[in-house]
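**Student:** Line by line, the protein sequences give chains A and B.
Just so we're aligned: the first sequence equals residues 1 to 145 in our numbering.
Just so we're aligned: the second sequence equals residues 1001 to 1278 in our numbering.
Hints are computed from structural coordinates only; laboratory data are not their basis.
Just to be clear, a hint being listed does not mean it is correct.
Unchecked claim - Taking beta-carbon pairs under 7 Å as the criterion, some of the chain A residues facing chain B (in silico):
(1) Trp104
(2) Arg107
(3) Arg108
(4) Arg109
(5) Gln110
(6) Thr111
(7) Glu112
Stated by the list, open to error - From chain B, some residues computed to sit far from chain A (all C-beta separations above 10 Å):
(8) Ala1071
(9) Thr1080
(10) Met1094
(11) Met1110
(12) Ala1119
(13) Ala1123
(14) Arg1139
(15) Pro1167
(16) Leu1171
(17) Pro1190
(18) Gln1198
(19) Arg1214
(20) Leu1264
Ideal Cβ placement from N, Cα and C applies to all residues, glycine included.
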Amino acid sequence: MKIVLPLALMLLAACTPRISGLMPIEPAPDNSRIDTVRPLLKWEPMPEGDDPRITELVYDVQILNDSGSVLVERNGLTVCEFQVEHPLEYAHAYLWTVRARFRWDGRRRQTEWSRLSDSSERLAVLTIPLPRYLPFRTPTKPSSQ
Amino acid sequence: LLLALAIVAAHCGCGGVAPARLPDTPSEDLRSRFGRIGVTWNAVVEPVGGFVPARGSWDGAGRGAVAGMLADLKITIGLTGASAVAGEAAPFLMAGFLGLGLAMLPVSAMIGSIYGAAAAPDARTVQAAVDALQGAVDRQQFPRRVAETILGRASVSLDDRLEEILPGTRLDGIDTLLVVEPARLVLVGPYNVNPDLQLLLLQSASLTRVSDHRMLYQVTLLHLVSAKAPFLSWGKDDAALLRSALDQLSQPLGERLLEEMFLLHPLPENQDWKKVKP
Chain A
1 MKIVLPLALM LLAACTPRIS GLMPIEPAPD NSRIDTVRPL LKWEPMPEGD DPRITELVYD
61 VQILNDSGSV LVERNGLTVC EFQVEHPLEY AHAYLWTVRA RFRWDGRRRQ TEWSRLSDSS
121 ERLAVLTIPL PRYLPFRTPT KPSSQ
Chain B
1001 LLLALAIVAA HCGCGGVAPA RLPDTPSEDL RSRFGRIGVT WNAVVEPVGG FVPARGSWDG
1061 AGRGAVAGML ADLKITIGLT GASAVAGEAA PFLMAGFLGL GLAMLPVSAM IGSIYGAAAA
1121 PDARTVQAAV DALQGAVDRQ QFPRRVAETI LGRASVSLDD RLEEILPGTR LDGIDTLLVV
1181 EPARLVLVGP YNVNPDLQLL LLQSASLTRV SDHRMLYQVT LLHLVSAKAP FLSWGKDDAA
1241 LLRSALDQLS QPLGERLLEE MFLLHPLPEN QDWKKVKP
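Could you put together the complete structure from these sequences and hints?
**Tutor:** Shown next, in the form of structure tokens:
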């Protein structure tokens, strides 16, 4: 028991997704199966959003297919959620990501795109075509009766 | 990737400085003191490094012998390790496999050398591929293209104006100089007579304060090209494979360097998702 518990905790920690960039709320990165083809994407607000040096804070969202092509792009959102307007395909794997854009003391700045991260450190590896964005999977099509 | 890093580090004689971690982006305080920024590039061309296949049958025979023995040892270690689960018979099996593996070493070396002598390309063909690769790198002017990408992107996505400074020209009125260093290109792959190789690219860039030449920030990005091919294929058709890889990389590299230096606002360290879940 003395050995099993720490091992289990270590395993759990290793399985917990680490996130770079803004934190997602929905779909959850550790339970990415959703029950609609028009998901509502939600994320945590920019951590320093109430800093007076930050102005014109907006968010950009992208939904990509698993080969990295951008399917849905919405820029300049002022709220921390985005309702997908046109239904996605049933039983498909997608990726999504979000970033904040703002002015810091009047100069344009942005956060990196949210993504899953293997390490607590930012690695100097240029990932092409795409990093590990946040996955979700749409439900299977309900059978018509 | 770790293997590639180790190979690069060993090749460059720079063990321990492999760029595994990105430095923090420049602080907003530092950015506010950049002043007028010039962008230039280092026009020195570095040779393509890394693996070169055996040149001719004698070299091929030597490498083949070593590769054969390495393969023999690998199989021997695998079988010896696997036989540890055989219960009471384990010591006998392990000793048997170890003895057999060691006894087979000269045979493996012989087979490897015969294969190596037959498979090795001739020295002139290899040298032609080396020259084709180097010529392609000379003509590509990769650091210049990365610098041009940075300048182009800066004009649409930055409030600071970046100015092009040709290498060797005066820096009148420039406060901070961004230098795109020569890309380090290394072909990496397993030790063999003529193995499939991948191109590893390391691209550095730095920001230096002109008044006292103090380096303010330096970053190195690494990219491992997914294409795998033998050395001669990398040099084929005027190094078409290498040129294609570089063509695809200059734009994303330039954009990423620009973001790191001027645009990305640091957030807290990467976070465990569950810890901050509301």
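**Student:** Looking back at the numbered hints, which does the structure fail to meet, lowest number first?
**Tutor:** 20
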